[in-house]
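Peer 1: Okay, here's what each chain looks like letter by letter:
There are 2 protein chains.
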Amino acid sequence: MNGRSKHLPADERRAATVEAVVDLAAEQNPSDITTTAIAQRMGLTQGALFRHFPTKDAILQAVMSWVTERLLARVDKAIEEAASPAAALEAVFMTHIDFVSDHPGVPRMLFGELQRPGETLPKRMAQTLIRHYGERLHTLLDAGKARGELHADLDPEAAATLFIGTVQGLVMQSMLAGDVTRIRSDAPGVFAIYLRGVGASS
Amino acid sequence: MNGRSKHLPADERRAATVEAVVDLAAEQNPSDITTTAIAQRMGLTQGALFRHFPTKDAILQAVMSWVTERLLARVDKAIEEAASPAAALEAVFMTHIDFVSDHPGVPRMLFGELQRPGETLPKRMAQTLIRHYGERLHTLLDAGKARGELHADLDPEAAATLFIGTVQGLVMQSMLAGDVTRIRSDAPGVFAIYLRGVGASS
DNA sequence: AGATAGAAAGTAATAAATTACTTTCTTTTG
DNA sequence: CAAAAGAAAGTAATTTATTACTTTCTATCT
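From first to last, the protein sequence lines are chains L and H.
The first sequence begins at 0 in numbering that gives the first Met the number 0 and counts up by one.
The second sequence begins at 0 in numbering that gives the first Met the number 0 and counts up by one.
Mixed in with the good hints, there may be bad ones.
To be verified - Negatives, chain H to chain L, calculated, CB over 12 Å:
hint : residue
1    : Leu7
2    : Glu18
3    : Gly46
4    : Phe49
5    : His51
6    : Glu79
7    : Ser83
8    : Glu89
9    : Thr94
10   : Ala142
11   : Glu148
12   : Ala159
As the list claims (entries may be wrong) - The following label-pair restraints were derived from C-beta to C-beta distances:
hint : chain 1 : residue 1 : chain 2 : residue 2 : range
13   : L       : Ser64     : H       : Asp22     : 32 to 38 Å
14   : H       : Gly177    : L       : Ala72     : 39 to 45 Å
15   : H       : Thr180    : L       : Ala145    : 27 to 33 Å
16   : H       : Gln45     : L       : Pro187    : 16 to 22 Å
17   : H       : Thr180    : L       : Asp141    : 21 to 27 Å
18   : H       : Gln39     : L       : Met93     : 46 to 52 Å
19   : H       : Ser64     : L       : Ser4      : 49 to 55 Å
20   : L       : Thr138    : H       : Glu118    : 43 to 49 Å
21   : L       : Arg50     : H       : Leu7      : 50 to 56 Å
Hints were generated in silico from the structure; no laboratory data involved.
Using N, Cα and C, we set each Cβ at its ideal position, and we do this for glycine too.
Can you build the whole structure from these sequences, using the hints too?
Peer 2: Written out as structure tokens, the structure reads:
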């Protein structure tokens, strides 16, 4: 348990590996992350990684699991604590922005996984994550319409797509500027326009 | 000039190379496109590519040039022909959607280039392309506000970011569904919400 | 408690495949 | 025929994964 220990238990190493990948993804193209780079970041040799993961894809798989649990848990909590659907929408957005501000590599990884040809497991995990996210948005948007908080003629499908695009646009802008902090600082202004678009402007 | 010719002039091969890369980018992660894959798509051996380009980055550079010329030219034409800033905004959007529907690999390549560490030439070209695009949007949004077509308190910076995010969201949705045609079919609904957000709803 | 066997975790070296790029020689074309 | 374009083969560097061996941790037994 001390800081000088050279051998860590498997579950801690697995957690540290995920963390290393998420960190590296913030600095470079996720698909260019090598096992050597991951190991180096952890202070290990490259081969040691394969004591804990059978393959590189298994590492990415663990990362996708990590993202799914953390992001959806935070989002669900934000929804629960909100007083109304419109408030929940805003809380989910801010939660999401907080998450990608803390882990700017995550949206890049998701985008990258979706681009992979074929049917890899990490790709399917990225798909289901975004689908589940979309379903929560859909529910929220429907509820908002029912309560009269959102425009009666709002297309929930389109509104969910734009919601995700809003985050994606902020991520892109931050990459352009080379400044991750812009995600958080630009978020309120961009979301205000979205809110007006769906009819929830005060 | 006939179809049976085995040797093509350099400029035609360069154009064909760009086309091959754009096509491949629609099918896989752009950063995973190899020179072997490009050559194979063109019916050439891998080494033959280097008769026309000194390096792989030079190929990507040519692709970014191609994208810049085509996209900005179409966008500028759409702006010129529009009667008002709000109409121009919609025309630019539809032009952009047409472009990425025809070439779904392009937004992926731009996103991918932005992620590259260091200062490569193709990366800088991607940055300037998006910046120029953003400037045109900014001008349009300012003009729209001046004419009273858009909300007086609209933040043009945020509106430009959301505009690009709108496209990005549609691209992401199409990757999720594995169906490129959804970009075009979902575009009007998503853009309608954007329009309402900036205050240009009829 | 202290010694110790055995499992878990790590290293170093390396194999096998793939990558961007080169070189040499051949074919095509004006 | 000469120059451009391409094929075929090769090179050096990387990448994932494996192997043989070493170190560290931990549970058990006297």
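Peer 1: Look at each hint and say if it fits the structure.
Peer 2: We went through each hint and held it up to the structure:
Chain L leaves Leu7 of chain H outside its interface by the beta-carbon criterion, the shortest separation being 28 Å against a cut-off of 12 Å. Annotated as non-interface, Glu18 of chain H keeps its C-beta farther than 12 Å from every C-beta of chain L; the closest such distance is 19 Å. Look at Gly46 of chain H: its CB is around 24 Å from the nearest CB on chain L, clear of 12 Å, so calling it non-interface holds up. Under the 12 Å C-beta cut-off, the non-interface status given to Phe49 of chain H relative to chain L holds; the minimum distance is some 22 Å.
Every C-beta of chain L lies more than 12 Å from that of His51 of chain H, the closest at about 26 Å, which supports listing it as non-interface. Glu79 of chain H, annotated as away from the interface, keeps every beta carbon of chain L farther than 12 Å; the closest lies near 26 Å. Residue-level check passed: Ser83 of chain H sits 19 Å from the nearest beta carbon of chain L, beyond 12 Å. Distance check for Glu89 of chain H against chain L: the nearest CB is about 14 Å away, which clears 12 Å, and the non-interface claim stands.
Against chain L, the non-interface label of Thr94 of chain H holds: every CB pair exceeds 12 Å, the least being about 18 Å. No Cβ of chain L comes within 12 Å of the Cβ of Ala142 of chain H; the nearest lies about 17 Å off, and the non-interface call holds. Distance check on Glu148 of chain H: its Cβ is at least 15 Å (rounded) from any Cβ of chain L, clearing the 12 Å threshold; non-interface status holds. Distance check on Ala159 of chain H: its Cβ comes as close as 9 Å (rounded) to a Cβ of chain L, failing to clear the 12 Å threshold; non-interface status is violated.
Distance hint check: the CB atoms of Ser64 of chain L and Asp22 of chain H are about 34 Å apart, consistent with the given range 32 to 38 Å. Restraint check, Gly177 of chain H to Ala72 of chain L: a C-beta distance of roughly 28 Å breaks the suggested window 39 to 45 Å. Restraint check, Thr180 of chain H to Ala145 of chain L: a C-beta distance of roughly 31 Å satisfies the suggested window 27 to 33 Å. A C-beta distance of roughly 50 Å is found between Gln45 of chain H and Pro187 of chain L, which places it outside the suggested range of 16 to 22 Å.
In this structure the supplied range 21 to 27 Å holds for Thr180 of chain H paired with Asp141 of chain L, their Cβ-Cβ distance being about 26 Å. Checked against the hint of 46 to 52 Å, the C-beta distance between Gln39 of chain H and Met93 of chain L comes to roughly 47 Å, which is consistent with it. For the pair Ser64 of chain H and Ser4 of chain L, the supplied restraint of 49 to 55 Å holds, since their beta-carbon distance comes to about 54 Å. Distance hint check: the CB atoms of Thr138 of chain L and Glu118 of chain H are about 44 Å apart, consistent with the given range 43 to 49 Å.
In this structure the hint that Arg50 of chain L and Leu7 of chain H lie 50 to 56 Å apart at CB holds, the actual value being about 52 Å.
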